[in-house]
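Asks: Each chain, written out:
There are 4 protein chains.
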Amino acid sequence: MKKLRMGILGLGRLGYIHATNIAYKIPNTTLAAACSLVPEELERAKAELGVTDVYSDYRQMLANADIDAVAIITPSGDHCWQIEAALDAGKHVFCEKPLGVAMDQCKLAEAAVERHPELTFMLGFMRRYDKSYAYAKQKIDAEAIGTPYLVKATGVDPEGLIQNAIRISGGSGGIFLDMAIHDIDLMRWFLGSEATEVYAMGATFKHPEFKKTDDDETGVAAYKFANGAMGIVHVGRTAPYGYHVETEIVGTEGTIRISAVPEKNLAQLYNTSGVCTECVQGFPERFADAYLAEMEEFALCALEGRQPGVSVYDGTKSTLIGYATTESWKTGKPVKIG
Amino acid sequence: MKKLRMGILGLGRLGYIHATNIAYKIPNTTLAAACSLVPEELERAKAELGVTDVYSDYRQMLANADIDAVAIITPSGDHCWQIEAALDAGKHVFCEKPLGVAMDQCKLAEAAVERHPELTFMLGFMRRYDKSYAYAKQKIDAEAIGTPYLVKATGVDPEGLIQNAIRISGGSGGIFLDMAIHDIDLMRWFLGSEATEVYAMGATFKHPEFKKTDDDETGVAAYKFANGAMGIVHVGRTAPYGYHVETEIVGTEGTIRISAVPEKNLAQLYNTSGVCTECVQGFPERFADAYLAEMEEFALCALEGRQPGVSVYDGTKSTLIGYATTESWKTGKPVKIG
Amino acid sequence: MKKLRMGILGLGRLGYIHATNIAYKIPNTTLAAACSLVPEELERAKAELGVTDVYSDYRQMLANADIDAVAIITPSGDHCWQIEAALDAGKHVFCEKPLGVAMDQCKLAEAAVERHPELTFMLGFMRRYDKSYAYAKQKIDAEAIGTPYLVKATGVDPEGLIQNAIRISGGSGGIFLDMAIHDIDLMRWFLGSEATEVYAMGATFKHPEFKKTDDDETGVAAYKFANGAMGIVHVGRTAPYGYHVETEIVGTEGTIRISAVPEKNLAQLYNTSGVCTECVQGFPERFADAYLAEMEEFALCALEGRQPGVSVYDGTKSTLIGYATTESWKTGKPVKIG
Amino acid sequence: MKKLRMGILGLGRLGYIHATNIAYKIPNTTLAAACSLVPEELERAKAELGVTDVYSDYRQMLANADIDAVAIITPSGDHCWQIEAALDAGKHVFCEKPLGVAMDQCKLAEAAVERHPELTFMLGFMRRYDKSYAYAKQKIDAEAIGTPYLVKATGVDPEGLIQNAIRISGGSGGIFLDMAIHDIDLMRWFLGSEATEVYAMGATFKHPEFKKTDDDETGVAAYKFANGAMGIVHVGRTAPYGYHVETEIVGTEGTIRISAVPEKNLAQLYNTSGVCTECVQGFPERFADAYLAEMEEFALCALEGRQPGVSVYDGTKSTLIGYATTESWKTGKPVKIG
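Chains as they are written, first to last, in the working numbering: chain A, 1 to 338; chain D, 1 to 338; chain P, 1 to 338; chain Y, 1 to 338.
The hints are simulated quantities; they were obtained by calculation from the structure and are not laboratory data.
Do not take every clue at face value.
Okay, derived cross-link-like pairs now, DSS-like style, lysine-lysine, Cα gap no bigger than 25 angstroms in a straight line [claimed, not checked]: (1) A/336 - P/3; (2) P/3 - D/25; (3) D/330 - D/317.
Pair ranges (Cβ atoms, derived) [claimed, not checked]: (4) P/44 - D/309: 24 to 30 angstroms; (5) D/48 - P/171: 44 to 50 angstroms; (6) Y/131 - D/285: 56 to 62 angstroms.
The C-beta atom is built at its ideal place from N, Cα and C for all residues, glycine as well.
In isolation and in its complexed conformation, chain A is listed as follows (with noise of 0.2 angstroms):
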């Protein structure tokens, strides 16, 4: 069996899981070359992933590791020109969410990947892969509730995180820049069109703190689409139950609801509170299988020669939608989108 070698950019929190998946979890993908700016890291992968070629220079990695592919899990803003630097040294490409923070450096990265229709590019909107979400648009393509025409989709992180929120506050470009994309990417395609207004508004109840840098603890916004359909996005970062992802798609013949209760496993307690059911606590719990089958659809693709279900331009879309919504966010006026 062909195994695809990767290399890893990046090794926080979520690049070790993509690592680890990478190494252990995925029978055709080998873990040959890791890069960090943090010895540790390295030291660590060494130790724990059995990689021994590592760089502490990305560019020296796409130029002399043994590797068909990258894996890239840096700051946002890096991510297009190491996307480009990769396609041009012929590997294969996984890039984490959003494409980009800025649409020029996206147009850059739609370039690269237009350059090089040889080879696989995917960026990383696992929730497309979670069994969850994948099973409504199997559900939705089978036209299971008709036409979709209305996505209401709900983000919060765990109150547990705020204090690392209200840091990188001022940073991350405001609530729906740092929280709203993967929403976004579900609405499009869930429905299929593209957004072309949005209105949008934010609050702060409980940390003034991200008042300071101009952000929000909350942000809602409203969206129409090209064909007619609309769009709700709810997200925050003050849930004290867990980490509430949930999604509902309304449809002429029915409607899917995605983790009403976002549960953390299949158990109930019922106790002096009432029957309850504790929650996940953040996204690696939430969405463990949904990294581990996107980065194998990766490799397939890579190994085959074909492109995902997530396209470069899938990317770029979601940053501009979410750019309008940060405009109407701050300007209090719908903005019209593309």
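Add chains D, P and Y to chain A, keeping to what the hints say.
Replies: Below, chains D, P and Y without anything else, positioned relative to chain A:
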């Protein structure tokens, strides 16, 4: 519109619920008389329910009150003679469950009912009139689950009532006679067959007081039915979360489960305990509508000269099964029924 | 016990529900008179509800009937003058929602209420009296979810009622005035603040007939509130599964969600479709108890000389917001409120 | 990182799942050899799992392969001698449940395990490693539900597998030995006590073929435990909705229920059937992660010189209870255990 003039016997907690329904909540009933040994209860009925014709002697009420029917809500050991007296006085009779606490009593009641086919008799198996249970029965009658062959019934009182349960333990006939009669009736009703054998057991882990009276806190019984079907009953007294009545009917083509979560209402709380549903806290809360619906049906039956779905024989049979269950529990051996 | 003598105006579907409650289900009300333009409705009320004093002319009922109060269940456009007439005739008034269909009407009603502080006036926002909604409000008032800052409200009629919705479309004022008044009231009630801006949109994917009258099948609106809180309303007419009223109140310390599954009862069916819960099929089924509870509260208020929690101003405010929502929907622009 | 070199014996449906986990999904295992009587299975393992050292004779694999451990996934009747042979050959052993199909076999396996305390032995009670069951056990150990005193266990296969069940009926030892071993193990595990008596019964309503081999389609058993606790097991083969494994542990301070709805994923469909959740369709789908987790634990135990939580005695005890259950079912009488 013709109204049924009713007298109530017994104005305790449940008696007062029935009296209120008769007085105010049912179009075709009038609360025309009331009888209680407790003067304060009669005073309250006068003040709040507007009944003026009150008695401390049951036979005097039967002899003198201008009533068509009586509702008997008294201690179980008195039901049968009170039924007999009312029927022989020409009154329709509604009687709370159980029919009686001894088989010879039940036979007296049966004979009285048979002597008066012109009168309506109804036993208060109110669960049959609960909208969820009635729905389940309709679905089963419509063959939605094929042939039902297993009923799993649960009935657990809230821990909050435990002191009363301890107090009456010893005089109650034990946990199965005290608590399993409704579940036994439901098994017979849903399966459409009679129990032929039972094996029962009990346990006491929290309140050793029950052991002093040879009673138990929790009971489990398994039943065989004449048509080959099976039943399981779990009754208890120590649910920390509330009043848990749950019933599952398993059939060849599907299963119906009623009240897996004994929800207080339709609200869910998402908080640090997870996602929680508060529970109902007792039978008056859980079955308020069923108490009303059964009395409405009784009144209609009496006015229209019909007999309701619950007959005196349902009372005798469930008591018989309750005794057999108790015998198995006490002896540790399976007991044949009937 | 003192009883409130009530006359009912309007005996259509909902009017008859109220009339039955007044006649039979509430201890301290008497249905003393009825008024309708439809002779058959009056005949039915005589036969089934036992009312003998009937009128085809509202002002005659006010002048001649021996009543303390009226319940007005008529087309929305008539509410305000009927309220005024009743109050000026010295009657307590219960009126179905909405208060009116034009702001100047509402102001007339407000003035009449202010002229008669000695009389009880109540608007029929019955959801507030539903046990799940009342429980949510109690929890919120007890600070169970901290400070509420976002309400997400859904109200979708069953597809089965669509022909009627199409028929009245054009005369109804559009989907928001027709369907969102309850959700608007709930937002105000739960957030304890007034809406200051709205942005609304609509879509029609299944029944193009709505487009002919410039109406829509589905509407979505986003609101800003004076205290910084936010609201989202989704109303529609085409739920294939039943009548879907769901409300979520998000607070700094937790969330309460009401009726995520608009269950018909407590039964679940396990069959070849999976595990299924059937849904309620309309407002009479969903809110039967709430219609009763609100009228009980009205009667108590009138007898005790109190005003209920729902005031005439709640009616004015919700209508004002409904108009602003409609304007935003029609113009595609955000609209300031008040 | 040290890796455990494993040989697999048996490459049927479940064997292949284990082989894939060993080969690709666990960091510290290597699939170093495989043995099967079916040449096609070995070819597939070579092609897809990359194993090159294959055998058709188990003893040859033990003698010649460069392996530290074996995983035995063969017909139940062969488990015990295969365990003995592997241990005596100095290999760590993972064996699928049940330990054996006769008590004397089990005793041989016990003796072999006792002869080799230096080797790790693990029985494949994978449910204990499912995240929901492991969570329940942690909660119980943390006294979240006080003292557990009743376990209600359900295990029903999907109707879709019925033809296979009919085919093997007669040779399987009957429904309890075939299907209840996991539930029996769970009762012992959660209650921390041994069963002392069982009363069992069976029923066949849909597929009379089972009666021809003195088997049943559905079985119900009630257990008494040494510490006074109780257990109920319901096993069956005809669930139309999927694979239904549900377990409830009732304690003095609360109850934990696992998988009341055997959901396929987190999606709910709102359609004309109501609100529906599709169900898992078999053990490979339901317990995929548990099969992986148990093998990870086995490898860690072998590498670290530990014994896992599941011992050979758990295998003997559950088989013993399975036999007693079968005897009660066949004789219709309670049977003492041990």
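Asks: Does each hint hold? Answer for all of them.
Replies: A quick look at each hint next to the structure:
1. A/336 - P/3: 60 angstroms, violated
2. P/3 - D/25: 15 angstroms, holds
3. D/330 - D/317: 20 angstroms, holds
4. P/44 - D/309: 24 to 30 angstroms: Because 29 angstroms falls inside the window, the suggested range holds.
5. D/48 - P/171: 44 to 50 angstroms: 47 angstroms, holds
6. Y/131 - D/285: 56 to 62 angstroms: Distance hint for residue 131 of chain Y, residue 285 of chain D is violated at roughly 35 angstroms.
The structure is inconsistent with the numbered hints 1, 6, although it conforms to all the rest.
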